[in-house]
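If you want the building blocks of each chain, they are given just below.
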Amino acid sequence: MTRYTSATDADRAEMLAAIGVSSIEELFADVPVSLRLRDGLSLDEGLSEQEVHAELRALAERNVSCDDEISFLGAGMYDHYVPALVDSIISRSEFLTPYTPYQPEVSQGGLQAMFEYQTAICELTGLPVSNASVYEGPSAVAAAGYIAKHTNGRRRFVVSRGVHPHAREALATLARAWEMEVVEAPLEDGLTALPELDDTVSAVVVAQPNFLGAVEDLAALAGAAHDAGALCIAACDPLPLALLRTPGECGVDIAVGEGQTLGNRLDYGGPSFGFFATTEALIRRIPGRIAGETVDVDGRRGFVLTLQTREQHIRREKATSNICTAQALNALAGVIYLSWLGRRGIVELAELLVRRTDYARRTLTALDGVDAIHEQPVVREFAVALDAPVDAVIARCLAAGINPGYPLAGEGYENGLLIALTEQRTREHIDRLAEVLGEAVAAERDADRSHAGVSG
Amino acid sequence: MTRYTSATDADRAEMLAAIGVSSIEELFADVPVSLRLRDGLSLDEGLSEQEVHAELRALAERNVSCDDEISFLGAGMYDHYVPALVDSIISRSEFLTPYTPYQPEVSQGGLQAMFEYQTAICELTGLPVSNASVYEGPSAVAAAGYIAKHTNGRRRFVVSRGVHPHAREALATLARAWEMEVVEAPLEDGLTALPELDDTVSAVVVAQPNFLGAVEDLAALAGAAHDAGALCIAACDPLPLALLRTPGECGVDIAVGEGQTLGNRLDYGGPSFGFFATTEALIRRIPGRIAGETVDVDGRRGFVLTLQTREQHIRREKATSNICTAQALNALAGVIYLSWLGRRGIVELAELLVRRTDYARRTLTALDGVDAIHEQPVVREFAVALDAPVDAVIARCLAAGINPGYPLAGEGYENGLLIALTEQRTREHIDRLAEVLGEAVAAERDADRSHAGVSG
Amino acid sequence: MSVEASTERVTGSNAAADDQLTIYERSQPGRRAFVAPATDVPERPLDELLSPELRRAEGPRLPEVAEPEIVRHYNRLSKRNFDLDTGFYPLGSCTMKHNPKLHERLAALPGHARLHPLQHPARAQGALELMWRLQDALAEISGLPHVSLQPSAGSHGELAGVLLTRAYHEDHGESRTKVLTPDTAHGTNPATVTMAGYEVVKVGTDANGNVDIEDLRAKATDDVACLMLTNPSTLGLFEPQIDEIARIVHGVGATLYYDGANLNAIMGICRPGDMGFDIVHFNLHKSFTQPHGGGGPGAGPIAVSERIEPYLPRPQVVRRDPAGAGANGGSGADRAPVYDLDFDRPRSIGRLRGFQGNYGVFVRSYAYIRSLGAAGLRDVSETAVLNANYLLARLRELGVLKLLPAAYDRVCMHEFVLSGGPMKRELQIRTLDLAKRLLDHGVHPPTVYFPLLVDEALLVEPTETETKETLDRFAEIVAAVLAEAREDPAVARGAPYTTPVRRLDEAGAARRPVIRQAL
Amino acid sequence: MSVEASTERVTGSNAAADDQLTIYERSQPGRRAFVAPATDVPERPLDELLSPELRRAEGPRLPEVAEPEIVRHYNRLSKRNFDLDTGFYPLGSCTMKHNPKLHERLAALPGHARLHPLQHPARAQGALELMWRLQDALAEISGLPHVSLQPSAGSHGELAGVLLTRAYHEDHGESRTKVLTPDTAHGTNPATVTMAGYEVVKVGTDANGNVDIEDLRAKATDDVACLMLTNPSTLGLFEPQIDEIARIVHGVGATLYYDGANLNAIMGICRPGDMGFDIVHFNLHKSFTQPHGGGGPGAGPIAVSERIEPYLPRPQVVRRDPAGAGANGGSGADRAPVYDLDFDRPRSIGRLRGFQGNYGVFVRSYAYIRSLGAAGLRDVSETAVLNANYLLARLRELGVLKLLPAAYDRVCMHEFVLSGGPMKRELQIRTLDLAKRLLDHGVHPPTVYFPLLVDEALLVEPTETETKETLDRFAEIVAAVLAEAREDPAVARGAPYTTPVRRLDEAGAARRPVIRQAL
Ligand SMILES: Cc1ncc(COP(=O)(O)O)c(C=O)c1O
Ligand SMILES: Cc1ncc(COP(=O)(O)O)c(C=O)c1O
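Residue numbers (this note's numbering), protein chains in the order written: chain A, 26 to 481; chain B, 26 to 481; chain C, -5 to 513; chain D, -5 to 513.
Be aware that a few hints might be false.
[To be verified] Pair ranges (Cβ atoms, derived):
id, chain 1, residue 1, chain 2, residue 2, range
1, A, E39, D, L513, 55 to 63 Å
2, D, G502, A, A79, 48 to 56 Å
3, C, A51, B, E305, 53 to 61 Å
4, B, A306, C, E19, 46 to 54 Å
5, B, G65, A, H251, 24 to 32 Å
6, D, G502, A, D456, 53 to 61 Å
Worth flagging that the hints you see were computed from the coordinates, not collected in a lab. Glycine included, C-beta positions come from ideal geometry on N, C-alpha and C.
Start from the sequences and build out the full structure, keeping to the hints where you can.
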């Protein structure tokens, strides 16, 4: 017996008798003897609650979290403040412990929350259709690609380098299985430069703002895609959408994105949620759960899972996706967070991000050896090139208690650094970053020179 | 408007119109103009949630909590592990946000929990009557004294030095108002040595275990009190009661105590709860709320606040106490914690405390310059005398990340140290304490000597 | 579950017999939620450590239940409570305002929640500074310079206040025997007076609901130690003659005590200290929003004038400037101040309780004050008073006041009192019946049968955190219940119907008290 | 609220119209819960920073509501959900076991919850070690040496598994086109096959509920890439001929895929790896207890054999011994090991998602494994199987199986399937009616109409965390519903009656989808 099970020896005896067997072993008669584990699993012994708590606390202490340094890391997930009411609501067992609302009569809370969530996503994206969530951002891009494949059966995806590298890779992973080709479109001065698009192109995939923080001309990109008869898929950061022309307005066919910034923790990368919005035309191809409004036999308003003929449990091999368990709790956090921000608040927050980001960008690019990688308008993140080895510079900043951002070497900007802001990074933090970064760059340049001197 | 209020300017206008006044000012017409604040309060401006969070987090970081050092502090509150289910249950709004159950039909949850709590306290104390909680431990002793005063109208309290100093002081504070005298009974070899008791003694007040950790012969003390026609009041540490002869069995008339160790946080001293148990004879004098079982008009089982004719809202100046708001949520944590421990677990826990305490006591008193203040049996706490200035020794231990305990100078043991154990202080911690304490005492002795040398 | 039971469900009764079991009735020998950590020290025989004579024969008969069933048990119990986060809770005098969720997060930070009360002050600077700043803010709000956070609740603050009065008079060679309390006073006031060793003398209320000045004058003799006053009073009315009252009380050398339970009406508008009060208690769990926890915890800090300061409870939280000279009160200007506990208070009344008071409560109330600031606190009181007067107006508009007239027809402050007398006569339903019927509409009833001097009293306090829509809905519900009662009073008399249990036999419970489980 | 509405309440309907408003319908212009922190940087005109052409004309029309009403809204919504912490939830195939409260506390520790996914591995050693240890434990439990934690849920794990199969075959110069799935398979299996670019071929089930070996033999041709199998199957039956199945599948060079949704039946009893499976997915939110969150989050790690390892997703969590040589798998013996993310995997299928997977889920499942240990995990499976067989026996004893016969009359594993066919013929109520009527008794119905091959299927999975009393009560409820239906089938057909809403018009919802609020 464990602290989570209740079958005492007395219970076991009674239950076995009722079943009509004399031992638990007998219940496993179907398991070939040759397969039965003789000496059990070789795992450590179980521990008391307090011991498990102590062990996992010790592990947590060995991570440097955003509580432990001033972090300007972003690149897909951002350290936004999560209001206390989100935690207090999503930790209610009525939201935390049930599963997918297969029995709508006793799941109205979850279903109505999904409906409210879908409404909020439609408002953010300017598109008429949203599902109730997919796993997270990058896999959502792949899921959108799957729709494109089915919609026009074409051979190629044109993917902007402005799309998050993880999303590009997730799409490529599936494209291989679909025997489709992924062509990357380069960024020029920070913006997507599309190649010629022909009738082999299934979809054009872009990001808003893009991976370097730049605001793309989404309408132009969607227009180009449509001119070639391709779909336009946009991976969007939801908070900037409070200010930017919406994907819907720009003619985007599918807008997806990472929902972490909407009331979810960083959690070292998950769980969060992916949002997925599209046009009426594609409503019957969208993956995942969708809540819809209806009435009960007494005419009372109610909500149900709807358009289920898209889904695996009904359509099986003909389903538009294989997704089953998604991210309902994280999406709930999302709609609570958006309700907390509210119609005015979300704009105020986005404007604060724009102003703090502008201030940071000006302050840092004014430093010796720190140059902008592009001059495009940005909302919450921007990219700079350092005139010194980026890893060494970062190391110096870390030593000073500042995590200056994400190195862009992997993206081909040798000493590039991607710097993200949130409402939790104050002017004081930005000024401190400027000080520390400036010193670090200067120091590493000298180090470099002297080193060059030596080796030269 | 604040983030917690909803009256927009539009609302205000409508509401004022409905009231028939033209401004909020008019609603305060009864306030003499001379008294109205002209320039408002001089307090800092309000802050956003995130800013308040940052400020209070910064304050928290300036405290050294039991997470930040290995602490052997006890002396009335103890760092026991609080299981996660306690937090998750008491943070449910249905328990967290209602007030005293004045409307029993919609308060059955709280009322039944009180009934279950009372039962648990009766089981711990061996007494037939428990209320639903009082403020905390020391004031509970004073409240018990108030019953004694009413019961026999005598002039004096005989209070053992084994009673927590805060409790002795809280009783003395009220005794002064009652024009009663407090006589202190000394500890001899760690146990209470009662003076002659005559018919002026209203109550004998003792502690189990006492302030130096020693287990008292409660039956003998209660017997002596009764022989003099006085009541016996015992302040008890609830966890040791899992093993010790109960106050009820020993003839104690009123058993009270600090409930913090039962599923409540340290919280720098509060809120926690005080428990209050007594005999049938005193049931109508007990302070505070009591839940009782009854039935509703359909014959369904239910619970109500009962015996309210004791209370201030009914009896006013004739009430047995003035207590109103007590510690319901903390007492709820208490009964959940006790249910988590369970019948076997509480004994296992108490035995673990006894063994760890015995091990610590032997290990430490084996050190040079560390001697037992008494040899009496103990459960979770013991007192030693150091052959070096206790404050200097403590300072050295703190520097090594160990908080060795509570100095007893205030209690007249010049270099005394009171050391407490919980299930969170492992053998490894105890061995580390021995190492650090041994070194500290040795170092301070030398320092002393050389200092003596100098000054001599 | 029998067929009857199940068909009963067609009629919608939600009472699953199973929901009425206690945790003891769910116990089965051998089940457990707790697993003890390994005994890592020598397992010496228990008899050697604690001789059998010292030990109980049988352990406490606590329940034996695994974690899942403990969780379900208390979860189900919780669903049998009505709570503020679900609906309107206009419980007069209790200020059931919203409890910001932020506060629970802050109080749970390990630096606050896991701090031992005997930690050396030098290692608890954050906690002491927070307490000092809270004292400072409460002093400003009350207009009285010195604050003690120690009392555990309002009534504990009252006790402290009366003991301070005693100490003050004794220190000045006087011994007085009486304390005045208005007949509208909350029960804790007279109960406190007795507990502090004084005799209660009641002061009457005049036709307008104010303190009867003549009666006060008559009873304010030189053996009176104190007048305990609530302003706004428990009638929800501000004493327009507060200056005169103070003059009379001080005239005979008595202290003027302010019961702060109703402070929510006047924060940032006016201050007890300016009214001449010597001692004030705050109910942090009312004006400064604490979750009420089903009956606590709370905190009842007190603020006092200079002349009372020497007697404040021990210890006091003080700020010492770097030079080391003790300093309390004043603004936070000095450089690198140090916070400390001052035990050296020779004239103090002493301790009222252990340690430093309900710190966890202080954290929440301090966060509240920081969130709102001066303007926010004033907005709170303005809105509380606006909401109360608006609700009164709506009730009047709906004709409710014909049957439930306002006890005193005046502009009210943050709450108001209705009398159910006419309703009782005309509709044959009592205030209690109305209250019980409100339960079926998903709102918590106002305070009933208090204050005592109003016939069939109903004390309504909406608080500032309720919306206009909620107030409108409540007014309509009350009107609906009265209309229903006019058609058939039996409905209200039989109410409630939709609650987990219906009216309970309280008399029986008191006659044969069953206050613990028979095991 | 009208008089009718209120008298309606006498009959006990709990539907307050107010409870049916959406958060948008509670919105009032100007209300707010969010207060922005001060703009501490120069307030440059927005147009200079973001030109108007780039901006939307109108912001998103989110609700305008203050904190108290947001809290109440979602609190009230929550009360319209049934949840596992309130009652029995035997939803077959979903393993609705208790979620230990400890896990939520651990996942919330700032060192876990506030760790940025791009933090340098050297500064995330605690997280990486936890993931590595979890991989290690899952490898041991499954009997397969290499683990990737990346997939986000079971179906994502399936996708990974089939893509691994494709990569494996391609790397060996083969291209296969078909994947076999039994007709009992969960819908995600065939859906996954299609998504991974393969053709689904169904394998039949024999009279005993096992895979039809002859059919399998016939369909196992050399263009078959994989057989996806659930064992115990979705019928709750263990495949006794699993060895033979493995032989057949491997005989044609296909891989054997293990759908781990039912792992809860065999932990510590036997291992997929030993059965010959090449690839396994785990549903951490089933066997390893995650709160189901109303439909996620979960995680679907996969374990694979040596030959599949080279193709695992990128990045892999690895442990490097101090010397620096890479090492994965194996015991945690070495001194001061360093944990890292390995991106250098040339033959990897690549990424399936962002970052390192659902770390918060890993924390909970790792805590669960540490709490239970080897003995505890075995106890879990033993008790899960005991509870299922006991419940089946109780139902038989009460005569329920006469109307709801077991689909296959065998000892079951952790769950079992009943057929509502006879009940439908004899009592004229369908499995759906039974399910809806159960709602009135406060229990969640089992999974209905799955697996598809059983007529009017009812898939019952009690899990190990339920008490004997709960199982007894459930059996009695089912018996009571059948007895009631015999008297009057209309009651069940009209059920539920006591739920927040009654049967809903799903057809209408799909015909004219209303999937967002009209604003
Ligand atoms: C007017 C008044 N005074 C005093 C009190 C007592 O406060 P507490 O319950 O915090 O002891 C109350 C509480 O109900 C009150 O309403
Ligand atoms: C047998 C079986 N396989 C696969 C899945 C899919 O797992 P998930 O919902 O985590 O994607 C499920 C979940 O219901 C299942 O029951």
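For each hint, the structure was consulted:
The beta-carbon spacing between E39 (chain A) and L513 (chain D), approximately 59 Å, falls within the hinted interval of 55 to 63 Å. About 55 Å separates the C-beta atoms of G502 (chain D) and A79 (chain A), a value consistent with the hinted range of 48 to 56 Å. For A51 (chain C) and E305 (chain B), the Cβ-Cβ distance of about 22 Å falls outside the hinted range of 53 to 61 Å, so the restraint is violated. The hint said 46 to 54 Å for the Cβ distance between A306 (chain B) and E19 (chain C), and at roughly 29 Å that hint is violated.
A C-beta distance of roughly 60 Å is found between G65 (chain B) and H251 (chain A), which places it outside the suggested range of 24 to 32 Å. Distance hint check for G502 (chain D) and D456 (chain A): the Cβ-Cβ separation is about 59 Å, which falls inside the suggested range of 53 to 61 Å.
Checked against the numbered hints given earlier, this structure breaks hints 3, 4 and 5; the rest are met.
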